[in-house]
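S.K.: Sequence:
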Amino acid sequence: MDERGILESILQFTHSPMWRTPVDNFIDERCALFTDDEEMKVEQTEVHMQFRKITDDILSKYVKELGITLEDALNAVVNSMDTASQTNRLGKKFMQEIFYIEDFPTFHKMMVRRNIELDILAQCEISQKRENSGAKTANDEEEAMRLAIEASLNDEEKTRRLMELEDLQLQEALALSIAAEHERARNTFEKISQEAVEEAKVVGKAAAEETKLKKLTAAEEEKEKTIVKLEERALEVRQQAMLQRLTATMVVEPTPVAPKKEAPAPAPAKAPAESKPAATAAKAPTAPPAVPPGPLSRGRPIMPSLHTDHGADSGKKFGFSKLPTHQPSFKQLEATMAKGIAGASSAGGGAAGAGAASSKVEDEELARRAEHMRKQRELILQKNRETREEELRNYMNTKTTNPADSSVGRVERQMTLDLAQRLRNDILDETKK
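Here full-length UniProt numbering is used: the first residue of the sequence shown is 1, the next is one more, and so on.
Honestly, the hints are just simulated from the structure, not real lab data.
Heads up, the beta-carbon is just placed ideally off N, CA and C, and yes, glycines get one too.
Some hints could be false.
[Unchecked claim] Have a look at the derived ranges for each label pair, beta carbon to beta carbon:
#, residue 1, residue 2, range
1, Gly5, Gln96, 19 to 25 Å
2, Gln194, Gln12, 30 to 36 Å
3, Lys61, Asp24, 17 to 23 Å
4, Gln240, Asn187, 28 to 34 Å
5, Leu162, Asp24, 18 to 24 Å
6, Leu33, Leu11, 25 to 31 Å
[To be verified] Below are the SDA-like pairs computed for lysine to any residue, each with C-alpha atoms no more than 25 Å apart in a straight line:
#, residue 1, residue 2
7, Lys229, Ala335
8, Lys93, Thr14
9, Lys331, Lys92
10, Lys158, Leu121
11, Lys92, Pro17
With the hints as extra help, turn the sequences into a complete structure.
M.R.: See below:
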């Protein structure tokens with residue numbers, strides 16, 4: 001099987017229910033631990049290690065049945081990145097899956113994003129049920145007012161969660177871009193080292209090493225500059241999106257709209273940089289555990305630059321790689337932009353409006369809503385599991401009912417069927433744990 005065939009087979013597999021069922025179930029069941037906070041938890045790295053093991057086991061079994069090794073598959077991906085053909089596009093698609101598996105910051109943003117998505121889905125379900133039952137229960141003015149206030153609070157909370165989801169999608173895109181830049185730089189470092197070996201045969205080892213050092217330094221500087229530009233652009237886009245959301249939800253008179261033009265001014269943009277020392281200080285609560293190379297890398301880190309000492313002296317490493325430190329959290333960005341567009345008093349009225357209204361709700365009501373939310377999420381997770389299992393069964397049935405066109409086709413289809421059956425059994429065993 002050529003490299004293009006390997007890439008296409010693996011991509012088809014990672015989009016099939018045989019892969020998506022256990023992976024999506026794992027994400028849904030464990031994403032509640034992940035929030036957009038400055039301080040990371042050791043438990044989150046443990047979840048990441050479990051995720052790496054599950055995905056590694058499933059993918060290893062698949063490539064083994066294809067008659068190749070995982071190293072062959074990874075080499076096909078790496079080689080595809082050096083071409084401008086369609087295999088380059090296929091390789092980039094698979095590398096995104098690898099980044100989620102191997103790169104903790106990317107995995108973290110993905111899990112936070114999914115956690116918010118499930119919250120929004122649960123809130124939508126609750127709102128829909130309340131609308132359906134509201135007409136029956138609102139028999140008097142007092143009850144109708146209570147339901148209206150509760151619906152308003154839920155709408156405000158849902159709107160804010162949608163803002164947070166949009167912001168997390170931008171942060172996730174940034175994490176993927178940074179991971180891709182680290183991988184690009186790693187490939188450049190390897191090429192420079194290989195060129196130095198050949199150059200040493202001509203000009204001598206000392207001269208070759210000197211040239212190598214200069215090239216590595218230049219490549220490292222280029223990587224850092226690119227990452228800084230990615231960070232700056234991401235922050236700019238996040239500020240613009242936050243500005244649009246806040247001005248759309250704030251209740252203000254038409255005249256104060258003028259400050260909108262002042263939002264991208266230096267004041268809001270400088271706030272994240274000023275909070276950088278505090279964020280850095282918050283990242284040293286516990287010593288990160290010693291982490292081995294990812295299981296997919298088989299002792300050769302897919303992104304070794306993330307595991308080297310390039311940033312060791314910064315004290316910002318956690319989990320499997322250093323976390324981006326230039327981006328404020330959603331709450332920090334929201335507070336900064338609110339002050340920038342309306343001043344302290346207006347920001348208090350807009351950003352803290354939900355909090356002021358929520359203070360009117362008794363603690364018992366808040367606890368009831370939280371419990372209702374938790375149960376609704378459980379119902380959604382159960383529904384998702386059942387839907388995925390049904391898709392997996394239909395996928396298997398489709399494969400078993402496809403007619404064979406030739407003896408060769410029958411052999412290939414039987415091999416695929418045997419593989420699918422074994423993987424299905426493994427998946428079902430995994431989901432029952």
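S.K.: A separate judgement is required for each hint: does it hold in the structure or not?
M.R.: Taking the hints in turn, this is what the structure says about them:
1. Gly5 with Gln96: 19 to 25 Å: Given about 20 Å between the Cβ atoms, the range holds.
2. Gln194 with Gln12: 30 to 36 Å: holds (33 Å)
3. Lys61 with Asp24: 17 to 23 Å: Check passed, 18 Å falls within 17 to 23 Å.
4. Gln240 with Asn187: 28 to 34 Å: holds (33 Å)
5. Leu162 with Asp24: 18 to 24 Å: holds (22 Å)
6. Leu33 with Leu11: 25 to 31 Å: At roughly 29 Å between Cβ atoms, Leu11 and Leu33 fall inside 25 to 31 Å, so the hint holds.
7. Lys229 with Ala335: holds (24 Å)
8. Lys93 with Thr14: With Cα atoms ~10 Å apart, Lys93 and Thr14 stay inside 25 Å; holds.
9. Lys331 with Lys92: Violated, at about 32 Å.
10. Lys158 with Leu121: holds (9 Å)
11. Lys92 with Pro17: With a Cα-Cα distance of about 21 Å, the restraint between Lys92 and Pro17 holds, given a limit of 25 Å.
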